[in-house]
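Single-letter residue listing:
There are 2 protein chains.
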Amino acid sequence: CVTRQFATAKESSLFDPLDTFADRHIGPNDHEVEHMLSKLGYNSMDSFVDAAIPTPIRLSESSVSDQTIPSLSESELFKRAKALASENKPFKSYIGMGYHNAVVPPVILRNITENPAWYTPYTPYQPEIAQGRLESLVNFQTMIMSLTSMHIANASLLDEGTAAAEGMAMAFVSSSSKRSTFVVDKGVLPQTIAVLRTRAKGFGIKLAIGDVSELLGEPSVRSDLCGVLLQYPDVNGQVKDYSTLVESVHAVKGVVVVATDLLALTMLKPPGEWGADIVLGNSARFGVPVGYGGPHGAFFACSEKLKRKMPGRLIGRSRDAMGKLAYRLALQTREQHIRREKATSNICTSQALLANMAAMYAVYHGATGLTRIAQKVHGFTKVLKSQIEDFGYSVDNDVFFDTLTVNASNVQGGAQVVHETASRANINLRKIDDTRVGVTLDESLATADLIKLINIFGSAASASPVSDIQLTEIDKSYIPTNLQRSSEILPHPVFNTHHSETEMLRYIHDLQSKDLSLVHAMVPLGSCTMKLNSTSSMIPLTWPEFNSIHPFAPEEQVQGYRKLLKELEVDLCTITGFAACSLQPNSGASGEYAGLTVIRAYHESRGEAHRNICLIPVSAHGTNPASAVMAGLKVVPIKTHQDGTLDLEDLKAKSEMHKDNLAAFMITYPSTYGVFEDGVQDACKIIHDNGGQVYLDGANLNAQIGLTNPATCGGDVCHLNLHKTFAIPHGGGGPGVGPICVAQHLAPFLPSHPLVKTGGDKAINAIASAPFGSASICVISWAYIKMLGGNGLSHSSKVALLNANYIAHRLSGHYGLRYKNVKGRVAHELLIDLAEFDKSAGLKVMDFAKRLQDYGFHPPTCSWPTSTAMLIEPTESESLDEIDRFCDAMIQIRGEVQQIIDGKQPKENNLLKNAPHPMSVMVLPEDQWERPYSRQEAAYPLPWLYERKFWPTVTRIDDAYGDLNLICDCPSVEEMTS
Amino acid sequence: CVTRQFATAKESSLFDPLDTFADRHIGPNDHEVEHMLSKLGYNSMDSFVDAAIPTPIRLSESSVSDQTIPSLSESELFKRAKALASENKPFKSYIGMGYHNAVVPPVILRNITENPAWYTPYTPYQPEIAQGRLESLVNFQTMIMSLTSMHIANASLLDEGTAAAEGMAMAFVSSSSKRSTFVVDKGVLPQTIAVLRTRAKGFGIKLAIGDVSELLGEPSVRSDLCGVLLQYPDVNGQVKDYSTLVESVHAVKGVVVVATDLLALTMLKPPGEWGADIVLGNSARFGVPVGYGGPHGAFFACSEKLKRKMPGRLIGRSRDAMGKLAYRLALQTREQHIRREKATSNICTSQALLANMAAMYAVYHGATGLTRIAQKVHGFTKVLKSQIEDFGYSVDNDVFFDTLTVNASNVQGGAQVVHETASRANINLRKIDDTRVGVTLDESLATADLIKLINIFGSAASASPVSDIQLTEIDKSYIPTNLQRSSEILPHPVFNTHHSETEMLRYIHDLQSKDLSLVHAMVPLGSCTMKLNSTSSMIPLTWPEFNSIHPFAPEEQVQGYRKLLKELEVDLCTITGFAACSLQPNSGASGEYAGLTVIRAYHESRGEAHRNICLIPVSAHGTNPASAVMAGLKVVPIKTHQDGTLDLEDLKAKSEMHKDNLAAFMITYPSTYGVFEDGVQDACKIIHDNGGQVYLDGANLNAQIGLTNPATCGGDVCHLNLHKTFAIPHGGGGPGVGPICVAQHLAPFLPSHPLVKTGGDKAINAIASAPFGSASICVISWAYIKMLGGNGLSHSSKVALLNANYIAHRLSGHYGLRYKNVKGRVAHELLIDLAEFDKSAGLKVMDFAKRLQDYGFHPPTCSWPTSTAMLIEPTESESLDEIDRFCDAMIQIRGEVQQIIDGKQPKENNLLKNAPHPMSVMVLPEDQWERPYSRQEAAYPLPWLYERKFWPTVTRIDDAYGDLNLICDCPSVEEMTS
Ligand SMILES: Cc1ncc(COP(=O)(O)O)c(C=O)c1O
Ligand SMILES: Cc1ncc(COP(=O)(O)O)c(C=O)c1O
Ligand SMILES: O=C([O-])O
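Which chain is which? The protein sequence lines are G and L, in order. Take 1 as the starting number for the first sequence in the working numbering and just add one per residue. Take 1 as the starting number for the second sequence in the working numbering and just add one per residue.
Simulated from the structure, these hints should not be mistaken for lab results.
Since the list gives no way to pick one copy over another, a pair counts as held whenever it fits inside one copy or between any two copies.
Capping the alpha-carbon separation at 30 Å, the derived lysine-lysine pairs in DSBU-like fashion look like this: (1) 431 - 79; (2) 652 - 685; (3) 79 - 382; (4) 82 - 376.
Here chain G stands alone, though its shape is the one from the complex (with noise of 0.2 Å):
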């Protein structure tokens, strides 16, 4: 049948939309879906299912149905979503706070940030389809290096506040001897703080907070103390010079943590000049939009003595087999999933997107535009500060960059006239107190905009209004000589070419293109649930009604996006079975680590906060068991029998043994293996009779939509990956939203923010900077859920079971599958163990990774959870000729490695061995050609590629170089020039 149908084409009745969206997300229409059902020996989808996912875990239809979750059609949502936007009102705030009014770039916005082939690839763990945005990243590294002075810096971390809490983190571990103080200025922002007091507790570290210079006289702390956290400029706006104070704090071994501003440190001597440790700070003013609180990348750089030690991912160069430059995720021993209980950070997706974003908005002004900008920006403070003092205000700090708290006790009415008459033209300013108003500048401010700011506080003052021919440049300096900058920013070739937009679209396209996404074919990751990322749902996300609100803006101004927002919750609430649900974790392993900490308030609050254990299975994501530890609690690792199944025995053991301590058992569900196994609620009961909370890592939610839910298997608490089973883009390696379920007796600790009320009414402290973490992007998943609606959410999950066990199906009798249920059905994924090969051809999982690159896919994810497997995720989203595809590849491949096994080709040098192919291999002269194979072999191995191929751009890549000589940031002027 060639005559392809729709997804879900059904008898509708003429006044049904037909734009329906479950149609175009679903790959396999109905035809299609027969076909693999017959295959697979099923003659319907429900008894297909029922062999799938174990009986007494199974949902009834209508749990999540169109009647629980009505769907609407794409022309629906866009009125829809459109109805909401005109609820919210986007003033112009000049709120500060960390967070500013960005003005993105248009080649900016239209070629990245709506381009799928920047936003949909995954995380570059497959370097040699990655170097476009590896570079991009390197380039985000450099950028950080140069502004701060600093010796390294990651490529992201999740926001301002959770990169301070891994500073004090890192300060705390790298103190020698136990020090556990950590203090922190007063001038520090109030939502950073929050943070901190959230995660100084799980580490129980001492917070002090106040004036750090007082703080650091008192004896007591001054001999406990692991670090300091500043802020530069502090949250008022004033600049301090803190170098005496970092002398006195590195006389007693303590680590000086920076929070500071990256367009400021431009005209600002940077934290790295004056002796700082850890620089950090969000770079969202660098082209990304506010978005009511984010997504936006932080940034975090370090000395090099603490390098090996940050969090996050560092991505570094090294070279490919044939010498040739290449980048690559650098110490990747480092990364969560290695460390395990051990490691004191769980970040594992960031903020890819954003830094993208950040890095290019640097690229395309370079060190010239950012301080044309800079010079702007602050130049128009100093006229603002001049104006208004001649209104009768004065302004509180002698020194700024962009803000200004001004002092309004001379004018009658005071700071709540400001307001009003700011409210009036639609501005919000800063609310300090009855006397002072905060107000911080940056570069969208056009004149026009000035002169009615300045007209505001005028027209509080009673004075006449100014107008533009008044305004004159203000040539006193607010800022000392021993706080300027005289250090070169950003000299770097790719810094300082890239200025006019052809040559920037260029650049952008340059790198897009070596980049595998999902703009080219399936990228069947496993545990990461790469489905379609549609432009419906992404459109409204770079709406101003989404994107230009300031997270702290009166509540009466965000009527739309609240109102969305719970409208999400509650269809997640719907969906996991929970009561409750906090959208403020900007990642999964964020999530981990809220949902723990929300169990640990509980056992609190009924007397049990000795409670410490968390058992946790040995298959477990990495972040599991770091989030524990972050969490306050000892890991114990639960064993797994031979076919992966959890040791009921052993957990049942463990349980009772550490019954009076035990606080949580976290399991993934199904499980890591990509198996539904029976016992799921029997595990659970084992848990809660001995007095713990289960908490179920929502990673594989998309096996379960509409057919059974983690409230159902017995969770007590789950977090869900929006960035996988709701369909926000993975954009490079972030960003995420990782929200919370809880089941009513979890609810009242769900996360507060010290700024917006949030969460329960015993409320843990915040998880994150923003009070509903990324919210910009929960328009997407908000989109995705409603347009599919329960029956499309259900049938999505049935359709991605069956493109998994079909692939099982394909693949059997030439890969093994240790990992099915008892009925021979895996789950949404399914994990092929490659081990027998390495005895067999000396092959490792590696090797067909690599091969699969040549053949056009992005590799599964490899090595995970079993060192010698490959877990493969297809989704609902991939069609079945894209899966054979798949399939057919595998399969040959299998038929490359026979031939090495039997002898046919050497062991050292074939095409698994030799994988990728480049283009820069195929060009080699004949007598440096020098394989037993030919070159259509290794570049066109089946048919299908002569029409649609794609080129990894190096050769397989030499880790062990890069790790030994460790360089991550992109090459200098003299290194290009040489």
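Please build the complex by placing chain L with the ligands on the supplied structure of chain G, with the hints as guidance.
Relative to chain G, chain L with the ligands alone:
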């Protein structure tokens, strides 16, 4: 100096905006400009420009400056565009008359319409680097052939009106015995009739408009009949069985031309099945926004026997040198630049981008989806009819697809009250007369829209409102069996595969990856001005306030558009030095035709209708003589000297010889040889002295802005290509906008429109279907002009001149540059002659062009205006780096040529003759390589190619084979599986 500055870096005040567009639009910065000037031996830009442009025609600095055209920064532009947008009121229009509310699939909007990789390439003259959009255009042709059931279809025309005019011209020239009456049914769209009136006059065709059956009964008509034009369904919605009528037309050897609607053809018997010879229409309702009239892709199909007379571009299948299927422009001999004055069509730029959108819409929906949409639209129309008949209305047309002519004579208040009620609900209906109201439904209606529409009629008839539960589907058929379609639509695999968004996204990106565009490299096509198409100028285009407006919407709803279009007209007049402007023509060629028709009307108004001689230099673009012929003029060629300059003696002699009948002189300035020659004012004076008017072809206006202008040169009228000089992207072969500007005495004759007042008080008839042509993309040029401002515009022209002269300088000594002015300078482009290499090495222009592809460049314009030459135009947007890269490539190729000249490489088997070298050639086994050079030399002749390589996807294409075996649709199921 490595640190790049900005293009227009200058001392500026703190209060000036930083996001100035000129900095981003112009490639070379001030340092680079200085560098280039010094290489050319000038110490200032002014002295350089003085050498390039003759003094007598220079303008004062102030004529195009920030005083006459103030500049807006990018953010100011957005604000202004938003303000104008908000003055448009996007009512929902059910006016029909050829314009519908289209639903653009989001995946197409983002990945084609808003994607520079799709919108920036040029017409696919270089098929080896254009297989993607060639395939897409073949899909368009296939779709048209299938839906109309015709033998062949072209790759789009400008709009339905001009397509009908092309049909009429084909009927006229096909009529063996000089018959000249063309019958037009009164059911044809009024705007089409207006365009036919204009065009008929030029050709001397007699139009007979009325009831076609009646007219055919008249003996005088029958005996002189060349053809008829029918509308199916007609403007009032009626669908008629024309089969008998067709027989009667064929009986007298007349040609049957049918204007039709693609969506209706999924349900109606297609014209090809009832004998039509030519079928045409507008494809916009297949996912192209209405955009206040355009741009839209018209389609044009004809029978086997007429195919070699078909106007426009035709894509055909051929094969490459390795025998692989490859697409290319077929039968290029039909293109106007070859046929010149023997042409009956001047179509050049057409509507490729819009044709691609429509084709992709069909790919996305497929046969099933299109039929579902048609059935829904028709089903809703039946429900509407039934409901309003209940209210007391009657419907005049008994057979219909989507349009009802509603008779309100039995309803109190009649049509007027219906319109008033609709208007209060922000809805436009078609105004026919006091009793009849037209209403046309489309895909965009949701059930709620239908109910709203029904209730408007209800309320106007004082009936009580209906709600959704009252609606029922109507079983009765309103399409008689003999008018129902029974044949299959779109069986080809491409229309039945890519229905999920993931598949669609990959198909779009797969095609895109085959095409070289401005996102990759310079496209230095002489006479085409491939400059930056900035994102900031593209963004407003897709706002609904610009995109969703019916061209016949009442004037009070389009105030924003009117102001914007007026501003554009005024700015274009400032730039050209003329008094008035018409934006109606949809391409340069259409502008030429409009301008010449205006000249004829002017002569006629002075009693000099006999003036019919048009002098045209032999070097003119092929559209010039073709347009002249279409305007009823006789072309007399004027010689040029050996050095490319106009032969003023010959001009004088011919002018005087034809003095009594001299109508016009058409000249391109600077000349098509890329030189500002002296004496243009003298030439124009000769014409004026002999009673003629001067038409200036503005294709080269990019050389002139602010430096000289057509009025100063002596012209009376010029067209501009907004898709060249004013930054509308070329779209891979269109859209275009070709406005004409005229001197005061010609202003009264500017084109009118039958439904919206445009043009002067002695206006000629319409040139295009829509009153303001392709209004929506005029937003791009408006933004471009406003953002550059006068200073930026003239700086752009200066840099365009400089870039071209710098290339001339670098290539001199390597290539022969025959055409320069007396001071040794070229204008904004340069012509290099390659004739010598044919003699010395057997190399043709095409060999150089194909070899440039291997270097990753789009070749310059080839073999025009001189068959042995290349015309190179860099534009101001290309940076010095890119220009140097191009020159390096040209020089390297010259070295490769020397090897052949020196006998070191054979004449028939060398790097140029075998070019381009796609990937499939690179992998040939050694025994098939058979080339006297290495693979590296073939693919990576210069080192930077290792970093930035674009691969042609096929080897050189065999045009002869393709033209002999003309196949213009995509492979069918059978071919795919055989
Ligand atoms: C099973 C599992 N748990 C947790 C995570 C962590 O999620 P995130 O990367 O969003 O922090 C992942 C990530 O892939 C995962 O696969
Ligand atoms: C000199 C000249 N005149 C006229 C035209 C026709 O313009 P259009 O393609 O917009 O019809 C062209 C197109 O390239 C041209 O180069
Ligand atoms: O990102 C993961 O570690 O799976």
